[in-house]
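Trainee: Each chain, letter by letter, is given below.
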Amino acid sequence: MNDPQYGWWLPPQISAHGDDIDLMINIIHWFMLALFVGWSLFIVFCLVRFRERPGHVAVYQPIEARFNRWLEVGVAVAEAAILIAFAMPVWAKVKTLFPINDTNTIIVRVVAEQFKWLFHYPGKDGKFGRTGPEYYADDNPAGLDFDDDDGIDDITVRGMHIPVDTPIIARLVTKDVIHSFKIPVMRITQDVIPGMEIPIWFEARSTGKFQIGCAQLCGLGHYEMKAKFTVESKQDFQRWLDEEHSALGLD
Amino acid sequence: MSEAHAEMGFLRKYVFSTDHKIIGIQYGITALVFLFFGFCLMMMMRWQLAYPGEPIPLIGGLLGETRTDRGAMLPNFYNQLGAMHGTIMVFMGIVPLAVGAFGNYFVPLQIGAPDMAFPRLNMASYQAFVIGGVIMLVSFFLPGGAASSGWTSYAPLAVIATTGQTFWLFGMMFLIASSLLGGINFIVTIIHLRAEGLTFFRLPFFVWSQLVTAFLLVLAFPALQAASVMQLMDRLAGTSFFMPSGLVVGGEQIAAVGGGSPLLWQHLFWFLAHPEVYVLILPGMGIVAEVIAVNTRKPLWGYRPMVYSLLFLGFLSFGVWAHHMYMTGMGTTMSTFFQITTMIISIPSVIILTCLVISLWGASIRFPVPMLFALAFLPMFGIGGLTGLPLGLAAPDAFLHDTYYVIGHFHYVVAPGTIFALFAGIYHWWPKITGRQMNEALGKIHFWFSFLFMNGIFMPMMFEGMAGVSRRLFDPTIYVTGEAAHGLTIMTSWSAWGLALAQVPFIINFFWSMRKQEMAEDNPWQATTLEWATPTPPPHGNFPETVVAYSGPYEYSVPGAERDFSPQFIKQEA
Ligand code: HEM
Ligand SMILES: [Cu+2]
Ligand SMILES: [Cu+2]
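Residue numbers (the working numbering), protein chains in the order written: chain E, 7 to 257; chain P, 630 to 1203.
Hint data in this document are derived by calculation from the structure and do not stem from the laboratory. Just so we're clear, the structure is a prediction, and the values are computed from it rather than from any experiment. Ideal Cβ placement from N, Cα and C applies to all residues, glycine included. Just so you know, not all the hints are guaranteed correct.
Across the chosen pairs, the derived CB separations fall in these ranges [unchecked claim]: (1) 825/P <-> 39/E: 47 to 55 Å; (2) 1153/P <-> 54/E: 44 to 52 Å; (3) 91/E <-> 825/P: 50 to 58 Å; (4) 251/E <-> 1119/P: 41 to 49 Å; (5) 1168/P <-> 226/E: 17 to 25 Å; (6) 91/E <-> 828/P: 43 to 51 Å; (7) 253/E <-> 960/P: 33 to 41 Å; (8) 54/E <-> 640/P: 50 to 58 Å; (9) 862/P <-> 50/E: 49 to 57 Å; (10) 91/E <-> 820/P: 41 to 49 Å; (11) 145/E <-> 1081/P: 56 to 64 Å; (12) 80/E <-> 884/P: 51 to 59 Å.
Extracted from the complex, chain E is given alone in its bound form (with noise of 0.2 Å):
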């Protein structure tokens, strides 16, 4: 694992639709800079060109009222372009094209309060136990359903591990005020809102130890709102999982 880099540009990115993102990010940027240095440069060309000095007289009608239309039509298209050829399939991809049919996908359940997260992962049986927000207490923080056996080995957890290479469902929900599940280095961002369960779906191309935030104002504690986020190798994460089983005694 290599340390990742963080500094006054975008974080490291690790996520399998994330180059999709930085590109467009990208292409933007160089955009925006030449449309501005453009402006910029006619700006400051006239502002000497045309400066008020002895001499000197104002045109009345200068220029033909076509001029401008070339950068209009040109804006237009090349918005056009990047929305067309990038945000609308990029967005499609990472918002509809859910890895459900995969068999390898892994689902986990995300559980937001005020100011933690909780990991909610189904266990050896990989079905989640049943949940209610009757159940919330100090010492169900995922709201299970004890009478279900299907929860008796489900996984709860303050950190998220997830395996590399491997698509991942997350379900969202929020005990009570909206929060935000973001992970920069995912390139992901996707509120979490009360009376809702919101799925999202992404996959890590690299492992590595990376960090969680809340990205929502969400009360008092709302900048310390982050988790632990550990990307892994496939044994590793199985591991993991299995260190987390004998934990809850039932081997």
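Using the hints, position chain P with the ligands against chain E.
Mentor: Same frame as chain E, now just chain P with the ligands:
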């Protein structure tokens, strides 16, 4: 008639006046005070961000134990400052200054009217604004302090927040009422009270910008007014408009009936708040257009396309609100719709900006202080507008959403953008309002340092956001991203304090020029629009004789004319 006015008591004349100019000045001074106050809140936040956990110098000890711990800011106070900075700047600073002050003072003058259509309504609108403002300020002294759920007041957080939020909602109701009264007044005034000969396409661009702004206010604000009442009911009357069932806060089941939707609040809020950002910027564009026309000594290039763009912008601004909500879990169809409208709305902004820039071509450019601010507006607003592009597209927004990139983006629009435009307006119209010139040298110092520090504040924020630092964090350094970008944070903070110092020459100029500077002529800039036809300062009733408009607003350097300006109010020899 003039005797009757001379007899008016001080209160009637300056406090309960119905004269649009006095009301404009009242709005202006109140808004400048609020703006400065909002800026002070932010300077305290900047200390905490740059030096987390260290006692605030000078004032740390004075703030009391509920806000600070041994002089160092507490998270609770930080959140109050953040929410109130946003609220004050938007609703009590920029809008009242841009619309209440400049609109009130100059719309009637520029259309050749003796006053606004409904002078009493105008007074009521100012009074509602003051009441709303006072409620907001008082809320700092409540137990639990002021509102702390962001200027967006998202439910359920705001619904379960302390009493400060109730005050925020009441305050907003008055501020909204104020804007509604003002908006109606502007619409009627501009449509009905134009001078003879002043057709719609002879209106100065500033008046157009105020007209569109007024429509935005009248059509968008009711949504938030209704939403505020609903949130108030949720807080006080046990309704659940925005509260779903089964919430558990801090281990306790919340007693709300449930069944409501937190997203409903967001839709209602942004349905107002997106048009609101155009309310923040359009009057600024109007001012810049006036100042550029005067100081280039030629007509604005593309006046008609600019007006059409303005109308289109106003219209479309009601169809983009949900681009603030891409991360709420919006489906592809919805997000595609809002991405398309957002890209389309950027076109008229580009047209307006480009027309202003092209107006420089072939000019004879003067560089008085108002022109410096107006020229600086162009690239600054340019940065603000351009950085909106990646945010308007859902995929890049998945990374940039709720980072400092957003803060940098909209501040480029409203701070070095709108605020520069407002300064341009103050310097430009000062001679008309006070009858005196402002000092040029102090003005230039004010401009150059403000320009430097504005960029010193907001450019680092763009990079901070790119580095992945989230906004609204009491202490960003607890994240790796925030730790790595901490140098930028410190740069921003020092620039913010520098910006405060840069306002000192302005404040000196403000008071000093009122007494000491030389008297101004009636038309010191040799401008063409109707406000310059009045005596200086304009008397009650504005125009000694009825004015008639004989030509378009920007007849500068007309071929064959004697002088390089041909005022609207003077009939040209054919
Ligand atoms: C000119 C100097 C200004 C500076 C240095 C400044 C600085 C800041 C900073 C640092 C934040 C982010 C706080 C955080 O995320 O924790 C912020 C938020 C904000 N500012 Fe400003 N600001 C300025 C002017 C303005 C103006 C003129 C407006 C509006 C017209 C404005 C509106 C806002 C809003 C709406 C927020 C968001 C508040 C929230 O998170 O609820 N600011 N400002
Ligand atoms: Cu949170
Ligand atoms: Cu949070």
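Trainee: Sort out which numbered hints this structure fails and list those numbers smallest first.
Mentor: Violated: hints 2 and 5.
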